[in-house]
Amino acid sequence: MEVVRVDNLVKRYKELVALDHLSISVNKGEVFGLLGPNGSGKSTLMNCILSLLKYSKGEIKVFGQEMKPDSYDLKRKIGVVLQNVAVFDELTVRENIDYFCGLYVTDKNLRKQYVDEAIKFVGLEDFTKFYPKKLSGGLLRRLNIACGIAHKPELIFMDEPTVAVDPQSRNNILEGIKELNRQGATIIYTSHYMEEVEQICTRIAIIDKGKTIAVGTNDELKALTPTSEKIRIEILDFDESKLPEIKELPHVTSATYEENHLLVSCKGGTHNLIRVLDFLKNNNVNFGRVYSELPTLNDVFLEITGKELRD
Amino acid sequence: MFWHIYKYRVKSLLKTKMSVFWAFIYPILLGTLFFVTFGSSINKNSIETIDVAIVKEAESEKNDSFVEMMEKVEFEDGKRIFNILNLDLKSAEKQLEDESIVGIVRLGDEITLEMGKTGLGASILKEFTDEYTRRFELIEDAATIDYTRIQDVIEVNENRKEYVEEVSLGGEKIDTEAQYFYALIGMACLFGSFIGMVLGKDIQAVNSPIGARKTVSGTKRLTLMLGDLAAAVSIHFVGLLLVVVYLKYILKIPVFSQPLPCVAVVFLGCVMGVELGQFASCVAKGSEGMTIAISLAISLGSSALSGLMSPDLKRLMDRVAPIVSRLNPSSAIADCFYSLSIYSDYTRFAKSLTILAVEAVVLVVLSFFAVRRNKYVSV
Chain A
187 MEVVRVDNLV
197 KRYKELVALD
207 HLSISVNKGE
217 VFGLLGPNGS
227 GKSTLMNCIL
237 SLLKYSKGEI
247 KVFGQEMKPD
257 SYDLKRKIGV
267 VLQNVAVFDE
277 LTVRENIDYF
287 CGLYVTDKNL
297 RKQYVDEAIK
307 FVGLEDFTKF
317 YPKKLSGGLL
327 RRLNIACGIA
337 HKPELIFMDE
347 PTVAVDPQSR
357 NNILEGIKEL
367 NRQGATIIYT
377 SHYMEEVEQI
387 CTRIAIIDKG
397 KTIAVGTNDE
407 LKALTPTSEK
417 IRIEILDFDE
427 SKLPEIKELP
437 HVTSATYEEN
447 HLLVSCKGGT
457 HNLIRVLDFL
467 KNNNVNFGRV
477 YSELPTLNDV
487 FLEITGKELR
497 D
Chain B
197 MFWHIYKYRV
207 KSLLKTKMSV
217 FWAFIYPILL
227 GTLFFVTFGS
237 SINKNSIETI
247 DVAIVKEAES
257 EKNDSFVEMM
267 EKVEFEDGKR
277 IFNILNLDLK
287 SAEKQLEDES
297 IVGIVRLGDE
307 ITLEMGKTGL
317 GASILKEFTD
327 EYTRRFELIE
337 DAATIDYTRI
347 QDVIEVNENR
357 KEYVEEVSLG
367 GEKIDTEAQY
377 FYALIGMACL
387 FGSFIGMVLG
397 KDIQAVNSPI
407 GARKTVSGTK
417 RLTLMLGDLA
427 AAVSIHFVGL
437 LLVVVYLKYI
447 LKIPVFSQPL
457 PCVAVVFLGC
467 VMGVELGQFA
477 SCVAKGSEGM
487 TIAISLAISL
497 GSSALSGLMS
507 PDLKRLMDRV
517 APIVSRLNPS
527 SAIADCFYSL
537 SIYSDYTRFA
547 KSLTILAVEA
557 VVLVVLSFFA
567 VRRNKYVSV
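Same order as they appear, the protein sequences are chains A and B. Each residue of the first sequence is one higher than the one before, counting from 187 in my numbering. Each residue of the second sequence is one higher than the one before, counting from 197 in my numbering.
It is worth saying that the hints were derived from the structure and are not from the lab. Errors might be hidden in some of the hints.
[Unchecked claim] For each label pair, taking beta carbons as the anchor points, the in silico distance ranges come out as: (1) B/568 with A/214: 50 to 60 Å; (2) B/496 with A/370: 32 to 42 Å; (3) A/369 with B/419: 21 to 31 Å; (4) A/188 with B/519: 55 to 65 Å.
Note that the Cβ used here is the ideal one computed from N, Cα and C, for glycine as well.
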């Protein structure tokens with residue numbers, strides 16, 4: 187079942203085309219990642235879907251209905267975790283969560299239960315009476331998430347929720363997102379951290395310059411790259427005349443020697459690393475540290491756009 | 197939902213330094229400053245009995261009647277208006293020079309008045325003397341023309357006497373300096389715009405992340421706005437009442453002589469002030485500087501035109517731009533107070549109060565339409 191559908195969306199800021207005939211479809215139960223460099227249009231797309239932004243052209247449907255500023259019935263099914271922390275500095279952790287939950291849930295007892303669950307979910311049990319200014323960056327982000335999801339929405343938008351968060355809090359947040367998904371929520375998650383998207387998203391749309399350049403599962407996207415494995419071996423004094431022989435090995439697509447490192451790229455096949463190491467031993471080549479890297483979404487991005495995702 | 201929003205907005209505003217300062221502290225500071233500048237003279241002018249020297253230069257029924265009336269007239273609180281000292285001219289002139297009396301009434305063939313410094317006491321003495329002379333001459337003329345109509349003339353003058361006593365001799369009521377405090381209350385009401393700005397900022401996605409979160413929530417904009425507005429008005433209203441209590445009971449400024457209608461004025465003034473800020477924030481869309489500029493321009497500008505800096509400015513506005521003056525919210529607030537305490541004109545009071553109410557409702561409606569179903573170019 188389709189939860190969000192965006193067709194041919196165009197959004198212009200004067201001369202700049204922020205979204206260029208962009209289309210995506212998100213199904214129920216997915217953790218759908220929007221991956222792209224800063225300024226690629228991820229947040230703009232999210233804000234258009236949420237009916238915060240005007241757009242020039244296209245169609246947006248949420249739960250099969252057109253999303254408008256006064257679509258309150260639709261909005262009640264949605265939770266939003268914004269990139270900027272949106273809480274009241276003058277209210278405590280518990281009061282903040284209760285306030286935002288109360289914008290969706292009127293029943294006091296039910297709300298109390300939801301607030302308790304949200305506090306537990308983000309691990310803020312020891313901080314319920316703290317004011318936001320007393321919280322660390324990571325805890326503040328967790329509060330921001332709790333305010334967005336306390337009312338148990340069916341569809342959750344998360345816009346870079348882990349920006350400026352320490353690794354421990356980031357892991358907590360990512361685990362929490364997976365748990366929300368297990369509980370039945372559909373999640374649309376934007377990030378420019380490919381590792382996060384790889385870790386939690388069931389399907390990913392890579393966006394660049396306002397266009398969807400690739401959509402698929404993690405494996406489907408990686409299959410778009412000609413490289414499935416990169417082998418890097420530290421060799422102090424390598425005879426480069428042996429490079430053509432290495433290129434002849436099964437599944438090897440390229441072999442180079444740069445800065446005391448032999449770099450071998452492979453496409454498909456298994457046991458590629460063992461095969462290369464056997465070759466080196468047989469040719470009496472001494473080597474040091476060995477790395478084997480699987481392709482990343484950055485390689486996919488590089489393959490399609492010719493530039494790094496982090497650019 | 198409404199009460200949920202109301203409750204948390206009250207909590208939030210009470211912990212916001214800016215709203216506490218503008219709602220509670222600033223009017224009290226300014227009121228104290230006004231009091232230090234000229235407030236003590238108001239109290240003195242309004243309650244003290246006036247020392248007057250009587251110099252009898254001729255015996256007549258007219259003169260005896262005049263002295264008798266001077267001894268009888270009282271302020272509303274029962275205190276005598278005049279303290280009569282029977283002196284010879286030389287002693288009286290010396291006392292006038294020493295400023296231990298306000299004036300000398302010489303009772304000869306005519307009643308003549310000599311006064312020292314101008315002031316409220318001198319004004320009352322002059323008004324009383326002129327009024328008595330006019331009435332006496334009127335009755336004399338009537339007796340000369342048609343003595344059968346004397347009773348009618350006396351009845352007319354009885355009514356006139358009541359009018360003069362209630363309005364002109366009411367001590368505190370004609371105190372021009374009290375106008376500053378009415379204008380101050382008007383300005384304090386309009387400074388609610390600083391609280392209103394916070395509300396406006398928090399209801400639009402373009403203004404703040406909280407605004408964005410509220411905009412995408414499942415609660416109607418009108419409910420969000422009204423809940424916030426009610427909370428802000430409550431806080432501001434309580435703040436203003438505390439200011440009024442401070443002025444009236446601690447500084448002893450003669451304001452709020454008719455509490456209930458005055459409370460109604462303050463309430464509507466608070467709505468107007470808060471809504472002014474909310475409206476400015478909704479119209480300025482995202483520009484905090486513009487919001488502050490609009491709020492300040494309206495609150496300070498309208499306060500100045502309502503007589504805060506000089507009562508003459510209000511009179512000038514009334515004369516050269518009566519419609520602007522009538523629509524000026526601060527003027528409307530001040531005018532409500534004048535209508536009650538100076539003119540005792542309830543029709544005028546009702547008109548000013550209605551103007552205030554209509555303006556407040558119009559701003560609420562305009563603010564709502566400014567944010568209703570809004571999508572933004574950028575957030």
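Right, here's what the structure says about each hint:
1. Roughly 31 Å separates the CB atoms of residue 568 of chain B and residue 214 of chain A, a value that falls outside the hinted 50 to 60 Å.
2. The hinted window of 32 to 42 Å between residue 496 of chain B and residue 370 of chain A is violated, with their beta carbons roughly 55 Å apart.
3. Distance hint check: the CB atoms of residue 369 of chain A and residue 419 of chain B are about 29 Å apart, consistent with the given range 21 to 31 Å.
4. In this structure, residue 188 of chain A and residue 519 of chain B meet the distance hint of 55 to 65 Å, their C-beta atoms being roughly 59 Å apart.
Violated hints for the displayed structure, listed by number in ascending order: 1 and 2.
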